[in-house]
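Enquirer: On the provided structure of chain P, position chains R and C as indicated by the hints.
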Amino acid sequence: MNKRVEKTTDWLDERLGIAKGARSSLNKIFPDHWSFMLGEIALYSFIVLLFTGVFLSLFYIPSSQQIIYHGSYAPLRGQSVSEAYASTLHISFSVRAGLVMRQMHHWAANIFIAAIVVHLCRVFFTGSFRKPREINWIIGSILLILAIVNGFIGYSLPDDLISGTGIRIAFSILESIPLVGSYLAFFLFGGNYPGTSIIPRFYTIHVLLIPALIVALLAAHLGIMYHQKHTQYPAPKRTNKNVVGTVLWPTYALEAGGFFFITAAVIAALGGLVQINPIWLYGPYVPYKVSYAVQPDWYMGWLDGALRLMPSWEIVGFGHMIPNAFFPAVLLPGLTFTALSLWPFIEKKITKDDQVHNICDRPRDNPWRTSLGVGILTFYIVLFFASSTDVLANTFNTSLNLVLWTFRILLVALPPVAGYVTYMLTKETEGLDDAGLRRAPVIITRSKDGEYSSVVVDEEPPLHSRTRFEPQEVPEEKEYRRVARGDDNERELVGASEPSVGGDNGGVHHEGIEPHRSGGSGIFRVPRSVAGGGGPFGGRDSRRQRRRNTQE
Amino acid sequence: MTIAPERLEEVGPHFEHHGPEPTGIFKWLTSTDHKVIGKNYMYTSLVFFFIAGLMAELIRTQLFAPNNHVVSPQTYNELFTIHGSIMLFIFAGPFVFGGFANFLIPLQIGAPDMAFPRLNALSYWLFLTGSITMLLGFLTASGAAAFGWVAYAPLSDATYSPGAGPDLWIVSVALVGFSGIFTAVNLVTTIFYLRAPGLTMFRMPVFTWNMLVTGILILISFPVLTAALIMLYADRHFGTHIFSVRGGGVPVLWQNLFWFFGHPEVYILALPYFGIVSEVLPVFSKKPIFGYKGLVFATLAIAGLSTGVWAHHMFTTGTVLLPFFSALSLLIAVPTGIKIFTWIGTIWRGNLDFKTPLVFAIGFIIAFTMGGITGVMLASPPIDFYTHDTYFVVAHFHQVLFGSAVFAGFAGFYYWYPKLTGRMYRENLGKVHFWLTFIGFNVTFLPQYLLGLRGMPRRIAEYGPSDGFTFLNEVSTIGAYITAIAFVVFLYNFWVSWRKPIPAGDNPWDGHTLEWATSSPPPSHNFHKLPPIRSLRPTWDMNHPDHADWRVRQEEATAKRASQVESTR
Amino acid sequence: MRSDAIDDFVCRQTLSASSKFKLGRLFKVGGLVLGSSVMLGACNLPTFAINRGATTQGRATFHLFQLFVIISIPVLLSVFVPLTWAIIRYRKKDNSIPKQTHSSIPIEVTYTIIPILIVVFLFVVTVQVENKVTAVSAHPNLRVNVVGFQWGWKFNYPAFGVTKVTQGVGGSSVYPQLVLPKGETTTIHLTSNDVVHGFYIPQFDFSRYALPGVNNYFDFTPNQTGTFIGRCSQLCGLYHSEMLFTVKVITPSQFNTWISQQSHSTIGA
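Residue numbers (numbering that gives the first Met the number 0), protein chains in the order written: chain P, 0 to 551; chain R, 0 to 568; chain C, 0 to 268.
In case anyone wonders, no lab produced these hints; they're calculated from the structure.
Only a predicted model underlies this, so the values are computations on that prediction, with no experimental measurement involved.
We treat Cβ as the ideally placed atom computed from N, Cα and C, and that holds for glycine.
Some clues are possibly wrong.
What the hints assert, rightly or not - Stretch by stretch, here's where chain C covers chain R in the computed footprint (C-beta under 8 Å, at least three residues): (1) 215-225; (2) 263-271; (3) 300-309; (4) 331-339; (5) 458-469.
Pulled out of the complex, with its shape left as it was, chain P reads as follows (with noise of 0.2 Å):
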């Protein structure tokens, strides 16, 4: 079997050499921790929006040409519909797994920018932005806001009641900005309101545009990543220049795409049992039929929550009236992602500090960024509820103003109080190693004067500190250096990669710890050349003489 893997490996390399890039990429060191994997879950939810989404578009008419349905669903018909929404309809009624991949989709939707935004609050409350990550980052901002326009324009797509409502909000709000508003609205909706452009734009930029972007950022993001190496945890034998973990080939890309599978898998779950944009119960959209509970998805609600809270306020600036929606729909999420995309620079700014970080921190390590972000996280938690206003209103049978002024109140009051309880809470947790943890065990004895003391049993490292695997040297692994070195200087290294990004230091260090394995090929043996050198067998790589090193 290795014999063959071998032969094709050496077919291809001996056509496109690969094998020194493969070689090292395949080896490459990734370190372990759950809180590493949130950004992966987005990927393949994006995988899986990708899927999905060819299969609606083979069904999916953009046009808001106006028909009379007569499709499946009884209760609709001989009703005035927009092609999009009655193309919408038979995807979910008539075509053959049409729903269950509508649904997908749609749950695919709501989870990548879900796992986006987890994924930015673990790289902000562990610092992993600074230097040298700044780029990822204002790449990673610019994929949140185009998953989020395009989550808007995707659900907008079906044309049905709750998200015409929506678009007439969208447009509304472009119309808000000053000077140039009326101008860009039109231009998008090629005319005024409604008109019949916006569905077949909307439809070009959700499946064409911003998913060409997404890939050529997500790439760019991941490459990146890629080069700097991921950052981890501060522990024992983790320094700025090396990376401990585990191996890519088998290890992860394994786990990788078992994980793949899993979020695959939920998200499958998710469509086919939970019932997501029932667009049937809602209608096809009239202007004039605005109703109730009419929230927007998710990520949206903060925009929406924002909206409601605005006091109706007329501000006047350089003698030209402001729309009261200018602020904030417009101003509110242009501070938002300036802040954001900016954050690295911003915090620069603040801590002077210019040094390399490849060690992240345990959020409460670093209380005043923690309490900083918990308080603007706050900020917008209370937004995204602040959609619902009317709702609560209605269950708790109390009038629509004092749900306003709550939530006003709230949004105020709240983000300080709770970022004033995180920093109290870090800054005493700072440096504890074990707090939150399950305790370790103690057995506590009574001496014979009655004093009560306690020993500890059994001591466990912290979680963050643990490696799936022991680090292991294997015996042939060391014979071979000794002999790739030519001499019988016993040091004590486990090898290195390629040096990559940090200048003056000597370059990054791999240590790599490798599972113990019997057996494999050359190629997935673990080919490690000495500190600084060149390539992964210090420039030799024939296979004559990889086969005769591991035959030693």
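Expert: Frame of chain P; chains R and C shown alone:
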């Protein structure tokens, strides 16, 4: 003072920090130390005592005048329901068995912590959640539960009490119930298994005995309540007909189940406070508790009998065997009486130091005796037919409950405050608190006996001007306001002792039991040194070697032997 | 020798007999006196503010209640007098340590046995009265069906086909009236249509629950004429406090007149 500890006896395993420990809010949130949890319980339940007290003031204000419109009938019904539920489920019980017992039991038996510290922490957080849920009913559209703390079916089912408020009440009581059950498991295990060497069962302090018995009563009664609550919830939401006649159910089953829990519950609420008084009186009389063994057996008798008297709350249903329940209910007065005489015997010929704890303990004896006697009257069915569900009963149970939870509770709070915090309260403020409470309490509740005899039913939102209830209600309301002022004085005392602390020292009262042998507040793991435990009062023995109990016992035995020898000559 | 000291509860006086009455102690005694006089003094002795009972059953209850109160007085005093005495007499004067009495078997036995005897006596008396109060005669002079509902009462005289029911709730000042003949035994059959209600007539010294699905029977033999107020004693919902009724006791001849006037009417005051 500490020698290198020899690993003589293993008391673990427990789970703790092995590195630096958190010290602030994180410590509070994640602590499993029984002292921290005990204090959490005490402060939380005092806050809810205050909230329920405000509700009581609203109730009394509404009843100040006939046909009053301070609150609507719906709000009034909600107020007394939640007032009663908070006072019984969230204040009176948890204050002592979540608060005092958690803090004191390991100290009193010489243990480093409770047997299940994490279960202890879980109990507290369940309790806090349940308590907050109790108040959430007020936020619902149809209001909080309004069927009285006893929630009789069919009034409490979905037809007659629709809405989310009653459901929140059910959930809240279930949560607090689970919290109590877990605490009881912890208490009973700790008391049986973690006593220090030398502390035999009959050398345990009376408070510990009472907590043990209370724990067992909780384990007997609370699961029945939980089951009944689940049945009620099922009736309300899952279409069952357990308590509704229409579906072949039996409404009076609810009353049976509830009171099977409810009567032991009132002893669960009373026995720990008896224990507190049994701790306070000896210390401030400088004598041991009188008739210790009799007291212990009386406690066991009360607990045993209390499981058999529940239907005395149901005499007027016409569906219970009157002679049986009235016999047992009358009988339960005997061990209670034994206890009261024991307390009198304790202070008899003592050297009474009238500090605030003692003063409150005596107030308790006065209030409880009066309440207990009216309880004996209520144990007689014909008298119960006359007075059931009138203000006579309201006055009776407030005398016994307020007497225990408030008077004895504050006696305990003042007594153990130095141990809890290491600070001393202000004695004069404590006395003012007592007198205002005593006067206010009596002015509030004594007229209510007369109101009941005159025919004023309970749980009525208003009464008519020609009913003849007006004057007595006015007096009662004024008493309620006085009691409220008393609580403010208490809070002020507390606040002053925090702002300007006076260190209390290890043993400011010359206490008798083990908790006074360690520092105030006790260190982590409670003890740096345990005195030898050879009697009921190890700390007394340590501090008064000439009057030590074991010495008295030895001398008695020697004397007895000598007299026997002499008589045979 | 210390042998006699242990069993003998009558200890030697070690404290001096003189005691200064501090103001605080005076207040405590005064408070006790005040308390007991509020309970006893404001009422009319010897009824102790208990209703005398306008039926023979109620009268029996009244006497029982009186007995209980009278017995409770010495019991109360047996606690309060030693308590007061101890508070005054054994006030701390110095730091001396008093005699460390742990127990006294004779005393403990006494205060166990005597309450048991009292309780047994009370039980015997209770059962006698209880039998009288709960007895339902086999041949009553009159039967009345009483049904409680949210929020009123329905009185039905089955033998005469007459029903009285309340007009309405929350505003109606016309409460249903139960008319009974004096000196004759009426058996009431009590039940409820919905939730639990309490059929309570204070001046009859009596109440009984009206439970859905349960048929309660009890007798009234009124021994005086008059109009008595009745109330609902068990919380039954929003207008529980307004679920009043009246009981009018008239002579048998007046009753016959009245009942014949009421025949065949179903709604009335």
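Enquirer: Now look at each hint and say whether the structure bears it out.
Expert: Here's how the hints hold up against the structure:
1. 215-225: violated (count 0)
2. 263-271: violated (count 0)
3. 300-309: Result for this restraint: violated, n = 0.
4. 331-339: holds (count 5)
5. 458-469: It holds: at least three residues are needed, and the region 458-469 of chain R offers 6 whose Cβ sits within less than 8 Å of chain C.
Checked against the numbered hints given earlier, this structure breaks hints 1, 2 and 3; the rest are met.
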